[in-house]
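Use these hints to put chain F onto chain G, whose structure you have.
Top to bottom, those sequences are chains G and F.
162 is the number that this note's numbering gives to position 162 of the first sequence; each next residue is one higher, with no gaps.
Every position in the second sequence, counted from 1, becomes a number in this note's numbering once 293 is added.
Be aware that a few hints might be false.
With a straight-line cut-off of 25 Å between C-alpha atoms, the simulated PhoX-like cross-links for lysine-lysine are [stated by the list, open to error]:
(1) G/K287 x F/K552
(2) G/K287 x F/K347
(3) G/K70 x F/K362
(4) F/K362 x G/K270
(5) G/K28 x G/K46
(6) F/K554 x G/K287
(7) G/K287 x F/K560
(8) F/K461 x G/K287
(9) G/K287 x F/K464
(10) F/K554 x F/K464
It should be emphasised that the hints constitute simulated quantities derived from the structure, not laboratory data.
Computed from a predicted model, the values in this text were never measured in an experiment.
Chain by chain, the residues:
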Amino acid sequence: MAPKNDMDEAGIGELVEKAKEAGPLQVKWLKNPFETQMWRSIFRHKVDDQPRNRSLAVLSNVFLHLHPAKVNRDSVRYTFTWGMGGITFYLFLILTFTGVALMYYYHPDKANAFRDILYIKNDVPFGNFLRNLHRWAAHSMIITVWLHQMRVFMTGSYKAPREFNWNVGVILLLVTMMLSFTGYLLPDDQLGFWAVTVGTNMARATPLIGHEGPFGPEIGATAFNDVRFAMLGGSIVDANALLRSYIHHCVGLPLVGGVFMIVHFWRIRKDGSISGPAPVMLASEVKNAKGRR
Amino acid sequence: MDWKQLWEICSAPDNVPIVLLLFLTPFYLWYGFREAIKNDRLITQLEADPALAKTHHRRHQPYHPAWDKTVHVWPYLLRIELLAALVVTAFLCIWAIYLDAPLEEPANPTLTMNPAKAPWYFLGLQEMLVYFDPWIAGVILPNIIVVGLMAIPYMDTSPLGNGYYTWKQRKFALGGFLFGYLVLWLALAIVGTFIRGPGWMWFWPGQTWDAHRVVHEVNIHLHELFGITDVWEIAIFGGIATLGFTAVLGGAVDFALRKWKPELFRKMNVIQYAHLVGFLIMMIRLPVKMVLKLGFDIKYVWVTPWFNV
Chain G
1 MAPKNDMDEA GIGELVEKAK EAGPLQVKWL KNPFETQMWR SIFRHKVDDQ
51 PRNRSLAVLS NVFLHLHPAK VNRDSVRYTF TWGMGGITFY LFLILTFTGV
101 ALMYYYHPDK ANAFRDILYI KNDVPFGNFL RNLHRWAAHS MIITVWLHQM
151 RVFMTGSYKA PREFNWNVGV ILLLVTMMLS FTGYLLPDDQ LGFWAVTVGT
201 NMARATPLIG HEGPFGPEIG ATAFNDVRFA MLGGSIVDAN ALLRSYIHHC
251 VGLPLVGGVF MIVHFWRIRK DGSISGPAPV MLASEVKNAK GRR
Chain F
294 MDWKQLWEIC SAPDNVPIVL LLFLTPFYLW YGFREAIKND RLITQLEADP
344 ALAKTHHRRH QPYHPAWDKT VHVWPYLLRI ELLAALVVTA FLCIWAIYLD
394 APLEEPANPT LTMNPAKAPW YFLGLQEMLV YFDPWIAGVI LPNIIVVGLM
444 AIPYMDTSPL GNGYYTWKQR KFALGGFLFG YLVLWLALAI VGTFIRGPGW
494 MWFWPGQTWD AHRVVHEVNI HLHELFGITD VWEIAIFGGI ATLGFTAVLG
544 GAVDFALRKW KPELFRKMNV IQYAHLVGFL IMMIRLPVKM VLKLGFDIKY
594 VWVTPWFNV
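Next up, chain G with everything else stripped away, as it sits in the complex:
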């Protein structure tokens, strides 16, 4: 058999000899990989423990650069932040990953949806674990959003200059709950079906644009043209509602939520990082002015 390449020709022994000759260089790479060209091409700063390198570790990394290089020493205390905003975002990431994985096994139509859940539960490797993880992360996210809001209120963090970011946060709270609610229908089981039926039945009663709402029938709203019809794509929770729920859940709401999250995080930085713990202010130091300060 003819030799296929250099290695065959040269033989292993010869390569070992070569490596031994180049020894010092190779060993240096192994001992200190941070000095190699490859490392430096990825992380463009040195790694020895200098303040400059600590800052660059955050600032030159696209995933970490949401953070400033330095923060108030007390603002990292758990007693102040409760960590709920960060955990909410982390849960959103978990939900995105597990959700995309579940999408590979799910068809949003009446013939397949319920069967696909059984398939995920019983046949897909780790499918049941994946679904459970997605479900409990979703519930947890509601809890952490509520606790985050409670913390932000209790620390008065909605006050100037963070009024706008509080508003963005309220929208994110709604998006979170709507994400969870649209996901509820997707297994197409009794639980989701009746929860969504009960939930969307309230829309019937919308004033003017609901067919059971005040002055709805008077201006011609029926079960087939009102706001509930627009939500469900029909007069009952059926195939169209399932598809709409799926698209809201997997595309629409994550996109809207993502955009508002970008604004939310960006504004935290622009409004001067997190609000505290700020030095306490005394009532005697407040300037008396009517209306806008």
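Only chain F this time, still in chain G's reference frame:
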């Protein structure tokens, strides 16, 4: 005492999160108020001693002039974030291994679930349906909640308590928010989850959920107490009762604010103040209506051919 029934409600997979919240909310409430008390003590101390107020670092956290005021994010914040991520991941994995997400039978429009409940985080709204017509409970109130939350920073413009826990300086703001969140939202969701059984009937914890229980539901409308029968008279009577009550309540709120929060009234402009009174009226109306319904069986105050209040 039907312990099995209680266990069935609490251990229903989709109710586990609200059971968790039952423990987390008091814990974090205590956790926040513990900080507030420390700050309040500091505030009292500084108010009594103006000389100290000029030099004090004004935080209850430990302080030394030689310490750096800031710390590097790498590693002091990032290590906390990593730890939090690990704890959350481990917690979720254990939860997902030991408890399966619920899956009922395939959706069947001809077989109504009893009780048919929304997920726990919307049960506050579903419970409000008992006290209000759907157009109020399902449409108007949620919108008012959202708009009210968004309006908070533009009504509460006091610079006190910005960025630190305090009770002393924000009794009204904090008390109002916690009343809204804990009583009007969470407590209603808890009632909806644990108390409301088949037919959305009231079952005390430990009472068996009997789907065949018959309750003689009495719904009195306010005008019936006055013996009014003509449809137009009913509508006019209800309108006067509702709007009159709103006006009286508004007047009372206005009076109370001026009496007990004069500085609030002085600082706010007319738009801010009108909105504050409006939101407070809406907040107080809910428990008032609950008392009317649960205590006196009064369902509607204002009955018209088009809507009921």
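Output the indices of the hints that this structure fails to meet, ascending. none
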